[in-house]
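Enquirer: Residue numbers (our numbering), protein chains in the order written: chain A, 1 to 419; chain B, 1001 to 1290; chain C, 2001 to 2311.
It should be emphasised that the hints constitute simulated quantities derived from the structure, not laboratory data. All figures in this text were calculated on a predicted structure; none of them were measured in a lab. You may find that some hints are simply not true.
[To be verified] Covered stretches of chain A, going by a simulated chain C footprint (3 or more residues, C-beta under 8 Å):
| no. | stretch |
| --- | --- |
| 1 | 105-116 |
| 2 | 174-184 |
[To be verified] Residues on chain A that point at chain C, a partial pick, calculated with CB under 7 Å:
| no. | residue |
| --- | --- |
| 3 | P88 |
| 4 | D96 |
| 5 | V287 |
Beta carbons: idealized from backbone N, C-alpha and C, even for Gly.
One-letter residues, chain by chain:
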Amino acid sequence: MTRTRIVVAVVVATLVVAALGLIPVARAADPIKVGLGMALTGGLSANGKPALLAMQIWKDEVNKKGGLLGRPVEIIFYDDQTNPSTVPGIYTKLLDVDKVDLVVSGYGTNLIAPLMPIAIERKLTLMGIFGLANNEKYQYPNYFQISPTGPDPATSTAIPFFELAAKQTPKPQTVAIVGADAEYPQTALVGAREVIKRFGFKTVYDKTYPPSTVDYTPIVRAIKATNPDIVFIASYPPDSVGMLRAAHEVGLQPKIMGGGMVGLQFTTIMQSMGSKLNGLVNYDYWVPEKTMMFPGIAEFFREYQPRATKEGVDTLGYYLPPYAYAAMQVLGQAIEATKGLDQQKIADYIRTNEFNTIVGKVRFGKNGEWAKGRTLMVQYQKVQDGNIEQFRQPGKKPVLYPEELKSGNIIYPYSAALK
Amino acid sequence: MFSWDLLANAVVAGLLLGGFYAAVSLGISLIFGLLDIANIAQPAFVILGSYAAYVLHEGYGMDPILTGVLFTPVFYLIGALVYRVYYASFERRGDEALRGLVFFFGVLFIIEVSLSLKYGVDYRLVQTGYLSRSIELGGVGVAFRYLVPCVVGVAMTAGLYLFLGRTFYGRAIMAVSQDQAALRLMGADPIHIKTIAFGVGIAAASLAGALLISIAPVIPSTDRDYIGRMFAITVLGGMGSIGGTLVAAVILGVVESLMATFFGPSWSLAVSFGILLAALAVRPAGLFGR
Amino acid sequence: MSRVVLALLVGLAVIAAGIALAVVRVNPYFYFAAYVILQYVVIATAWNILGGYAGYVNFGTPAFFAMGAYTAVFLIRSVKPPLAVLILAGGLVAALLGLGIGYLTLRLRGTFFSIATLALSVVLQTIIINWEYVGGSRGLSVLRPSGPPFGNYVVFLFTVMLALAVIAVMTARFIERSWVGRGLAALRDNEEAAECMGVPTLKLKLFATTVSGFLLGVAGAPFPYYVTFVEPNSAFALDYAVNALAMPMIGGTTSWVGPVIGAVLLGTAQQLATVTISSELNLLIVGVVLVGFVVVAPEGILGLIRRLRTR
């Protein structure tokens, strides 16, 4: 019987401590609370932390101007550890204990997915921060996605890349596609296969590899053995780096290479890869080219970059931060326009209006994605080793696609850019 | 899509990879193969060595392999300390089966999470001039990034083999693994010998870690990819045989490389596990085991 | 009345309390948190049947847990059976896995079993990543069935997990007090001696791995409905491996009480930590506490209490 007593004592003690822990911390005078879980640790934290920083910069600026609807804005965030199973618990706590007024998603398709049923069940407006095709299954009308992939996320990278390839002379014929065994690359490869069929290219290699691969040389050799004109790679940062290094060692030189390599947009990787990047035609969302200098973006980076350097996160911040900031801009403008915090009114407003943000004009369409996709294709040109400052100026990553944002010309074939 | 060229390259890459795998497995071969201590924290020490190489390269531009060598005494001391704690807490009480294993798992975990906390989970890599080069030998490409770790790995294996066979302490380690009581009768303290052996095993991890980060980028959880490989190599090679470790490592390297090239790399990690299970089922003593 | 009947009544009373909590709704966050903690009660108890009672350390808890989860995913995608079937199926598949691994390695030595379980997670994760039907590396979204008891699916899952926890604990207690438990204890202390005394060690070991596997799979089966998005990295998370070890070791491995204490204490602490301190610091603390306990207080909290009382 004493054993049972021990168990009971422990359980009771734990419940008491737990109850104390759940008492919400006292907060300032009636703020508007925005809640989110964000990847501050784990595999996606390299982007999660800059994204959160951008949102906090937005909050500070808004509060300096007097807040929203005359009330200060507060961001309550928890670390989702890049682990989807923490998401239900985190958002339930945000909604039921911290009593936030609005929620924003975490970063990444996998972290948004478990949030969808909760948002749908509780009829929330959900702003998604860079997730691929999260709403395709649900078609929930109050979901919005800030990444500019557009109405068909799967082909959003493939279409620009292969369209560019098809325009070149001599026209390339054969394609090798390769990607990691993970969520984003798999979706991108599905899109690639579809687009390849549309353009009539011939696939000579189509394989995937596990994300924990150490040795990319066999893969690259196998690709080289098929002698492809085009190489489309859908990879995450570690494999992007590994594939690139192996490609240089093995001497893989198709006519055009790149596509959906995540990570080549990150400051640390641009710095360490240096001239190895030259010639790659890869996707991007924002580069410091003249055609991309939307109103407000220069000021944003002036604020972001010193703070990022101090906090030890992505110092240039060209990838996710402007879009995270823009997502908050959309929310803020919708709150002001509807003069309240009604989820449905805010969602309706977002769905039916165009917004001016630091990443340009944003309008949402089918399934909450951008009505018109704006995935850029850029090419790394004349990049030098060991120099991060070069990326602050235009010219190293000119925009090749879409036509209306084009800021430079492609160097074709790939080998010409390596000289 | 088969070609002799592809096959040749895959085999050579596998051989080189094998040399590196031998370096990584030497510590376990010594600690588990000879001393029978299931130190599953070994891969974490290897990663620790990788990070040491990374930090010194980033901060002072020091060559990774040089760092690996320089840190050997440090790691030796760490290993000796860890063994002493292990001995005092478990071996002496005869408790090593359950709690010793959990202890090492805890150590693995603590090392991995501490590295995560301090350095985050961004991939860290080390690039030096000579490591980025590669040469062509008769149609087969050889990257220095693999060649150098392979050479160092083989050298380490040879070095350890000579140490165990030709020096007093080395022979004492071999003796302790066979018969502790007899060793005591000969006037040597088995605990002291085992401390040295464990220290050497962890010291090997220092250099192995430097080699690892020269080949590929590393994050704290990379250690888990190597647990299966290390033990598979040690079991396949034969518990207690250093030469066997090298042979088994090369076999594993070649099989993984062939699988990756011809069947797709998805199954490479399963290769080591498959080899381990096969070895345990068919010939638990391994190829060269006692 | 007999002890068994008393135990059953206590178990039923706990379940009844849970149902009462489900009907009288408290803060929704409670059900989420409580589900995770109860899940760990099952996991820790399951681990302890093999680890504490038999002395065989299983480092591959994520593999068994994920097997339960992915069996459920497979069935949800194909036949959509009721939750009870999912739980049973998940348990059975994981049990078979335990039996298989046990059969392959337990004839050799405990160490090899442990090493095999280490590598097991990696291999199974590779298989799942390559299996498109259950989502592969991309993961799969799972829609919760409509019209759940108590009106809210998570509240329902809470009561289900509570019932599973009661069943797991009672199973452990039953094993502990039966001849099986005594046999396991004998082979844990000295396998050779037990063999000599006629204890059917291999059969007992296989029994332990099978039952342990079954309960781990049972803990994983409701996971898809809880998290609604299943992908390999979170199903095979290292957290499960370390907690499955830490909770029984900290609570005390010699009896069914230990894992429960460990799960409640550590589980609650981690739930609080998720929303307060950095997650990695939280994991680091678990690791340090684990090593601390293993070195200093190998019998866990139960052992400490026992030592205090005999002072």
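Enquirer: Could you tell me which of the hints above the structure violates, numbers in ascending order?
Expert: 5
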